[in-house]
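**Q** Here's the letter readout for the chains.
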Amino acid sequence: MAEKPKVATTSMAGCFGCHMSILDIDERILKLIDLVDFDKSPIDDIKEFTGRCAVGLLEGGCCNDENVKTLKDFREHCDILIAVGDCATMGGIPALRNNMSVKECLDEAYSTDNRKGPAVHNPDNIIPNDPELPLLLDKVYPVQHVVKIDYFLPGCPAPADTIWQSLVALLTDEPVELPYELIKYD
Amino acid sequence: MSENVTLTIDGKDITGEKGQTIMDAALANDIYIPHLCHHPDLAPYGSCRVCTCLVNGRPQTACTFPISDGMEVENDTDTVNEMRKQIVEMLFVEGNHYCMFCEKSGNCELQALAYRFGVTTPRYPYQFPKREVDASHPNVWIDRDRCVLCARCIRASKDVDGKHAFDFAGRGPNRHISVDAADGIEHTPVDADDKAVQVCPVGSLMLKRQGYKIPIGQRKYDHEPIGTDIETGASKKQ
Ligand code: SF4
Ligand code: FES
Numbered sequence: 000m001a002e003k004p005k006v007a008t009t010s011m012a013g014c015f016g017c018h019m020s021i022l023d024i025d026e027r028i029l030k031l032i033d034l035v036d037f038d039k040s041p042i043d044d045i046k047e048f049t050g051r052c053a054v055g056l057l058e059g060g061c062c063n064d065e066n067v068k069t070l071k072d073f074r075e076h077c078d079i080l081i082a083v084g085d086c087a088t089m090g091g092i093p094a095l096r097n098n099m100s101v102k103e104c105l106d107e108a109y110s111t112d113n114r115k116g117p118a119v120h121n122p123d124n125i126i127p128n129d130p131e132l133p134l135l136l137d138k139v140y141p142v143q144h145v146v147k148i149d150y151f152l153p154g155c156p157a158p159a160d161t162i163w164q165s166l167v168a169l170l171t172d173e174p175v176e177l178p179y180e181l182i183k184y185d
Numbered sequence: 000m001s002e003n004v005t006l007t008i009d010g011k012d013i014t015g016e017k018g019q020t021i022m023d024a025a026l027a028n029d030i031y032i033p034h035l036c037h038h039p040d041l042a043p044y045g046s047c048r049v050c051t052c053l054v055n056g057r058p059q060t061a062c063t064f065p066i067s068d069g070m071e072v073e074n075d076t077d078t079v080n081e082m083r084k085q086i087v088e089m090l091f092v093e094g095n096h097y098c099m100f101c102e103k104s105g106n107c108e109l110q111a112l113a114y115r116f117g118v119t120t121p122r123y124p125y126q127f128p129k130r131e132v133d134a135s136h137p138n139v140w141i142d143r144d145r146c147v148l149c150a151r152c153i154r155a156s157k158d159v160d161g162k163h164a165f166d167f168a169g170r171g172p173n174r175h176i177s178v179d180a181a182d183g184i185e186h187t188p189v190d191a192d193d194k195a196v197q198v199c200p201v202g203s204l205m206l207k208r209q210g211y212k213i214p215i216g217q218r219k220y221d222h223e224p225i226g227t228d229i230e231t232g233a234s235k236k237q
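Top line first, the protein sequences correspond to chains A and B.
Reminder that position 112 of the first sequence reads as 111 in numbering that gives the first Met the number 0, one-by-one numbering, no gaps.
Reminder that position 234 of the second sequence reads as 233 in numbering that gives the first Met the number 0, one-by-one numbering, no gaps.
Some hints here could point you the wrong way.
[To be verified] If we take Cβ atoms under 10 Å as the criterion, some of the chain A residues that face chain B in the derived model are:
no.	residue
1	A82
2	C86
3	I92
4	A94
5	V139
6	Q143
7	H144
8	I148
9	Y150
10	F151
11	C155
12	A159
13	Y179
14	I182
15	K183
[What the hints assert, rightly or not] Only pairs whose alpha carbons sit at most 25 Å apart, straight line, appear in this in silico DSS-like list of lysine-lysine:
no.	chain 1	residue 1	chain 2	residue 2
16	A	K147	B	K219
17	A	K102	B	K129
18	A	K138	B	K219
[To be verified] Far from chain A by the CB rule (all over 12 Å, computed), these chain B residues:
no.	residue
19	L26
20	P39
21	M70
22	I86
23	T119
24	H136
25	L148
26	D166
27	R170
28	D190
29	A191
30	Q209
31	D221
32	E223
33	I229
Hint data in this document are derived by calculation from the structure and do not stem from the laboratory.
For glycine and all other residues, C-beta sits at the position ideal for the given N, C-alpha and C.
Only chain B is shown next, with the shape it has when bound in the complex (with noise of 0.2 Å):
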């Protein structure tokens, strides 16, 4: 049997499973907290630091931090909401977003992300970095320009797929995704439905022919910012 935790968000009393993460037993309790590496199917990860509480009164990820008893977690404050908008801030400048022709528009969580936050432009200065296209698949292709390193398509190609057929190479600012094939992505055995190809969180690993098919307006975010389906409790219901 699971033992019972208890501990607060924002004042707030939950009560998750010991070993859950706080990310997990604030999913659990319809609270939302803003995440962008972190995906339900996947095993936590942790490097984009979007999910950044107060924990205890010191910054850490909930989607890595185990949850215990008297824990008191600040989640949707200004300070913390502040943290978030500058790495998500860091996150436009680092790569080249060119939302204005993206075919993730509307649908990519990091603008969403960026939009909930009410960003309406970096303060830090584009890097403008060179990054590589790869679009030798049929079916799929990697934009790097786009890519935020959230190790997404890594984990669900290695534990979901079993293909492992990206990985990181390079360092620091030269971080970037790479697959399984000197010479380009049409020599893996990545497919159209694999589950690596439908995590990407922005438009970076993409699947071809799909563009722009969900008109303006009606996109997911749009109209709602990120995170409202779970504040409602309408991402549950579905």
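Only chain A is shown next, with the shape it has when bound in the complex (with noise of 0.2 Å):
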């Protein structure tokens, strides 16, 4: 049997809601495991491109230098890109902070003076730099401001119906042509 087309995906500056929504296709991830592999994704915790993929989930904004990272070994690695979600196609509920600046967000969110982060225990105000965080960037950008972008999926999350109609088409060589009622933002 011919090797199936293998498909990967991420999640950056998202919440998961859009990877909720390709397990919410429900039965039809029987067909879709038919019709794919699965490389590298936190759906089967594979960590490494294993080889090429024909298609790349990206879900979430790109908030700091890994997502940047993650994008340019996506668009490596897969023929076609496809943006699901809010977040990943215009920056989403994370790029609310791209009126302030990184200083502001990590006070607001760690510093104890002013009293300013509510839920932190932080008496020497530390603000978190552990090399092994990843650094944001100055603003939440969406993928297509980063890496050349194939398809977008709006949706907050994308519903899995979107999902499941694009992805089918491209893997049958169909035109993705989505209904009025799928491309919702919200």
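Got two chains here, each in a separate frame; can you build the complex from them with the hints?
**A** Here is the structure:
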């Protein structure tokens, strides 16, 4: 049997809701497994690409240097990249920080000066700075601001039917045509 | 007695009255011309350009352009709709339109236009402008992130409510809606039942405590594209 095309997925500055939406295709997931193999993805916990992929599904915007690397890695390994969900296509909720400086955001979350961080016990007023932690970018960027994206599936999350119909169309060489009810931004 | 004028819209013969705009003549003939700043109860303004048609081959805004005999209007064609689609996409990147938590989602005319034109994401880079919220009023609030500068509220407040509580301030990318009080909308005579508050096409000038009232699936544009009521004549029967 010919090898099945591979699909990779990742969640960056998102909430994993769009991955939940992928799983929300219900019993069609069995058909999906007939159609494809999953490569790098939090679904099977494969951490690195094992080869060329037909489709990469991107959840979440690009908020730190690790996300930039992930996006470049996906562009390199995937024939087609699909931005899934509003965070990927327009930044989404994380992009609400785009009108403040990174310092303001971190102070709000961690600083005890002026009692800003409400839930953090942080008497030494330390902003997390371990070298292992990805560095935040100045803004949260829609993924198409960072690498070329081939298809966009909006929605918060992108509806399961939208993801399913687009994936099947791409894998069977049909045009991706979404009906009125499947293009929704909420 | 009013004088009749005949013109064509997409090759179809239309009769209108002298002095009418293309928009009004089209509406009277159940023809939908996509629009955003236009509101049937308010004077034409012509700011959003969404109603752009080719009039005798030239782009013009239907909501401000008067009809004349023999005029040929191109409205529902690929070329014209593609121009409109680009305008709508520009409106999205020029503001901060967080549809996922906006109370107006599903009933928003900007979002509905994007749905009608099949926008999956704007082709232009997002600007992420900094815009201010004014929630000082007990019953009304302004979220300028969502404002499309249509001036409906300005026109309604001035011409219908007789208050002139809103106007634009700033120029170019800094243009924004401002209120007629130094320290917030609460110091203006704006009331919850003002026409100005009812006409905002987006979620910018909103009544408080009304959010998410209509469940998803029952909202205005959940199933039918904006303009369907005009195209089917349903808007007149109401
Ligand atoms: S607040 Fe609403 S009605 Fe007023 S200009 Fe902005 S979008 Fe138009
Ligand atoms: S509806 Fe005509 S310019 Fe806005």
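**Q** Against each hint, give a clear statement of whether it holds in the structure.
**A** Do the hints match the structure? See the list:
no. : hint              : verdict
1   : A82               : holds (7 Å)
2   : C86               : holds (9 Å)
3   : I92               : holds (7 Å)
4   : A94               : holds (7 Å)
5   : V139              : holds (9 Å)
6   : Q143              : holds (7 Å)
7   : H144              : holds (6 Å)
8   : I148              : holds (8 Å)
9   : Y150              : holds (7 Å)
10  : F151              : holds (4 Å)
11  : C155              : holds (3 Å)
12  : A159              : violated (15 Å)
13  : Y179              : holds (6 Å)
14  : I182              : holds (6 Å)
15  : K183              : holds (7 Å)
16  : K147(A) x K219(B) : violated (34 Å)
17  : K102(A) x K129(B) : holds (17 Å)
18  : K138(A) x K219(B) : violated (34 Å)
19  : L26               : holds (22 Å)
20  : P39               : holds (25 Å)
21  : M70               : holds (32 Å)
22  : I86               : holds (18 Å)
23  : T119              : violated (4 Å)
24  : H136              : holds (23 Å)
25  : L148              : holds (19 Å)
26  : D166              : holds (24 Å)
27  : R170              : holds (20 Å)
28  : D190              : holds (30 Å)
29  : A191              : holds (25 Å)
30  : Q209              : holds (16 Å)
31  : D221              : violated (8 Å)
32  : E223              : violated (8 Å)
33  : I229              : holds (16 Å)
The structure fails to meet hints 12, 16, 18, 23, 31, 32 from the earlier list, while all remaining hints are met.
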